[in-house]
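A.B. asks: Residues per chain, in single letters:
Number of protein chains: 4
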Amino acid sequence: MIINETEVKVRYQETDQMGVVYHANYLVWFEIGRTHLIEEIGFNYADMEKEGIVSPVVDIDAKYIKPVRYGQTATVKTFIKEYDGFRVIYGYEIFTEDGNLAVTGSSSHVCVKKSNFKPISIRKHFPDWHEAYLQAMGDSHGVRN
Amino acid sequence: MIINETEVKVRYQETDQMGVVYHANYLVWFEIGRTHLIEEIGFNYADMEKEGIVSPVVDIDAKYIKPVRYGQTATVKTFIKEYDGFRVIYGYEIFTEDGNLAVTGSSSHVCVKKSNFKPISIRKHFPDWHEAYLQAMGDSHGVRN
Amino acid sequence: MIINETEVKVRYQETDQMGVVYHANYLVWFEIGRTHLIEEIGFNYADMEKEGIVSPVVDIDAKYIKPVRYGQTATVKTFIKEYDGFRVIYGYEIFTEDGNLAVTGSSSHVCVKKSNFKPISIRKHFPDWHEAYLQAMGDSHGVRN
Amino acid sequence: MIINETEVKVRYQETDQMGVVYHANYLVWFEIGRTHLIEEIGFNYADMEKEGIVSPVVDIDAKYIKPVRYGQTATVKTFIKEYDGFRVIYGYEIFTEDGNLAVTGSSSHVCVKKSNFKPISIRKHFPDWHEAYLQAMGDSHGVRN
Numbered sequence: 001m002i003i004n005e006t007e008v009k010v011r012y013q014e015t016d017q018m019g020v021v022y023h024a025n026y027l028v029w030f031e032i033g034r035t036h037l038i039e040e041i042g043f044n045y046a047d048m049e050k051e052g053i054v055s056p057v058v059d060i061d062a063k064y065i066k067p068v069r070y071g072q073t074a075t076v077k078t079f080i081k082e083y084d085g086f087r088v089i090y091g092y093e094i095f096t097e098d099g100n101l102a103v104t105g106s107s108s109h110v111c112v113k114k115s116n117f118k119p120i121s122i123r124k125h126f127p128d129w130h131e132a133y134l135q136a137m138g139d140s141h142g143v144r145n
Numbered sequence: 001m002i003i004n005e006t007e008v009k010v011r012y013q014e015t016d017q018m019g020v021v022y023h024a025n026y027l028v029w030f031e032i033g034r035t036h037l038i039e040e041i042g043f044n045y046a047d048m049e050k051e052g053i054v055s056p057v058v059d060i061d062a063k064y065i066k067p068v069r070y071g072q073t074a075t076v077k078t079f080i081k082e083y084d085g086f087r088v089i090y091g092y093e094i095f096t097e098d099g100n101l102a103v104t105g106s107s108s109h110v111c112v113k114k115s116n117f118k119p120i121s122i123r124k125h126f127p128d129w130h131e132a133y134l135q136a137m138g139d140s141h142g143v144r145n
Numbered sequence: 001m002i003i004n005e006t007e008v009k010v011r012y013q014e015t016d017q018m019g020v021v022y023h024a025n026y027l028v029w030f031e032i033g034r035t036h037l038i039e040e041i042g043f044n045y046a047d048m049e050k051e052g053i054v055s056p057v058v059d060i061d062a063k064y065i066k067p068v069r070y071g072q073t074a075t076v077k078t079f080i081k082e083y084d085g086f087r088v089i090y091g092y093e094i095f096t097e098d099g100n101l102a103v104t105g106s107s108s109h110v111c112v113k114k115s116n117f118k119p120i121s122i123r124k125h126f127p128d129w130h131e132a133y134l135q136a137m138g139d140s141h142g143v144r145n
Numbered sequence: 001m002i003i004n005e006t007e008v009k010v011r012y013q014e015t016d017q018m019g020v021v022y023h024a025n026y027l028v029w030f031e032i033g034r035t036h037l038i039e040e041i042g043f044n045y046a047d048m049e050k051e052g053i054v055s056p057v058v059d060i061d062a063k064y065i066k067p068v069r070y071g072q073t074a075t076v077k078t079f080i081k082e083y084d085g086f087r088v089i090y091g092y093e094i095f096t097e098d099g100n101l102a103v104t105g106s107s108s109h110v111c112v113k114k115s116n117f118k119p120i121s122i123r124k125h126f127p128d129w130h131e132a133y134l135q136a137m138g139d140s141h142g143v144r145n
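Protein sequences appear in the order of chains A, B, L and Z.
If you read the first sequence in our numbering, its first letter stands for residue 1, the second for the next number, and so on.
If you read the second sequence in our numbering, its first letter stands for residue 1, the second for the next number, and so on.
If you read the third sequence in our numbering, its first letter stands for residue 1, the second for the next number, and so on.
If you read the fourth sequence in our numbering, its first letter stands for residue 1, the second for the next number, and so on.
These aren't lab readings, by the way, just hints derived from the structure by calculation.
This one's a predicted model, so the numbers in the text were calculated from it and none came from an experiment.
Treat the hints loosely; a few may be bogus.
You can't tell identical chains apart in this list, so a pair holds if it fits in one copy or across any two.
Taking lysine-lysine and the DSBU-like style, the derived pairs with C-alpha atoms no more than 30 Å apart in a straight line are [said to hold, decoys possible]:
(1) Lys-77 <-> Lys-66
(2) Lys-66 <-> Lys-113
(3) Lys-77 <-> Lys-124
(4) Lys-66 <-> Lys-124
Here chain A stands alone, though its shape is the one from the complex:
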């Protein structure tokens, strides 16, 4: 199972007046982790979009355990939790600089045509991504064909 690790240095802009990273900004860090995981398995969203396909979030959740603060560099671990040829669910774990778990979460995504937001099959339209997703999940996960 591939687990991408990406470092994110807190931007001043990402803090709020509580003195910590504003909660919705961790979802942007999820996006960064997801982007890097996809690059690690050999693909990228920019190329996908050139073919008129975008990959919106269908649902998302996050659990906030410890705040991350300005001056720190967090680590985002991203992995594929589930994938069935249509929908992919990413899992995320964000760690503080000193190794404490700060935020966990997951997001599920489908691929749709940008022109009308109709879903398409990843397995059919992007067979290479399909294979890469399966491999990235590793042996311990089943896939519904």
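Fit chains B, L and Z to the given chain A structure using the hints.
C.D. replies: Just chains B, L and Z, lined up with the frame of chain A:
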């Protein structure tokens, strides 16, 4: 049960290159709805913070049903789903201009001291808020005392 | 001369750990003022974009005089400073709730084809906007034809 | 003269529906460049803030020459343009991946007490920063003592 309705006009800055509102920005709209609901029941976060208390998000989830686009004004409906004297869970429903359900979600919050992020009891420290929360939930919800 | 006045209530997300609105967010408020001014003179960006034209910022400046804080509602005054048929320069003044000048600024914009970012003439392609811009500037401003 | 070079990979969240980075987000990249320049000369804002001092932007300007797009990694060059013991003016040049100038700008900053936003003298309160600023500017710039 009090349901706050707040209109949010899409900002250009909130869109992304999919041509729709970027998914994490709906969480900011949740914040706007929550703020208005609290004002509707007679309080506000700014006053709370003057007493050294902040109210971070503990967990959050969102389900994206239809995209909202630039040029539209959405409606955010916010209500209190659960409250036990310590933790409050808000529910959200965002509707497009033509009345379609676009996004649903919920977020749970505690109150903590800004200085050390230690949780406090809302019931004990803010008895007026406590009463207002109970009333805002209405009869159909129990509260664990 | 038309001066649009729009109220903007500070979002928690817009603050940073200085306890004030993060400086780049006032540029988003400029965008809100600009959008409302354009609507006040009878147009909107969303319609323009349906014709494949977008209106990027060419340059921008802002001067920060007093910070705006969470809990406050600011007023953004927007007006047209200059317009020559191609380029339009908007002026902005943001006031705090108690009437103090908080931020001033200006931004200049052209219209370009979204497909290739080549500039077009507003006067030629959008003669109605052209007339409305001239009227919105009022008598005290000349226009180079 | 020290010129800091920092790479910034475009975040999907930073794009807007024009398909390019939203103009106000380049100001966040300025902040990233500034932060790295300060670290390069041996300091950081987080430590300054622990002493109750913050460094707000007094004015800012940006000129947009070429858009930066998702999928690209830009380079931000940051340097000190002027410094007089009180106010520091940073200059910025952002380059696209293929070496074209995309955005230029500058921002001026003072140091103030967080408690009341009263300005302080950098030369007096932070003599080490003062020396480092002078050295970072290099010989070609004068400083008013």
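A.B. asks: Classify it for me, Lys-66 with Lys-113: is the Cα-Cα distance of at most 30 Å met within a copy, between copies, both or neither?
C.D. replies: between (38 Å within a copy, 14 Å between copies)
A.B. asks: Taking 30 Å as the upper bound on the Cα-Cα distance, should Lys-77 and Lys-124 be classified as within, between, both, or neither?
C.D. replies: Answer is within; shortest intra-copy Cα gap is 28 Å, inter-copy 39 Å.
A.B. asks: With identical chains treated as interchangeable, where does the CA-CA distance between Lys-77 and Lys-66 reach 30 Å or less: within a copy, between copies, both, or neither?
C.D. replies: both (16 Å within a copy, 29 Å between copies)
A.B. asks: Within a copy, between copies, both or neither: where do Lys-66 and Lys-124 come within 30 Å Cα-Cα?
C.D. replies: between (41 Å within a copy, 24 Å between copies)
The structure is consistent with each of the numbered hints, conforming to all of them.
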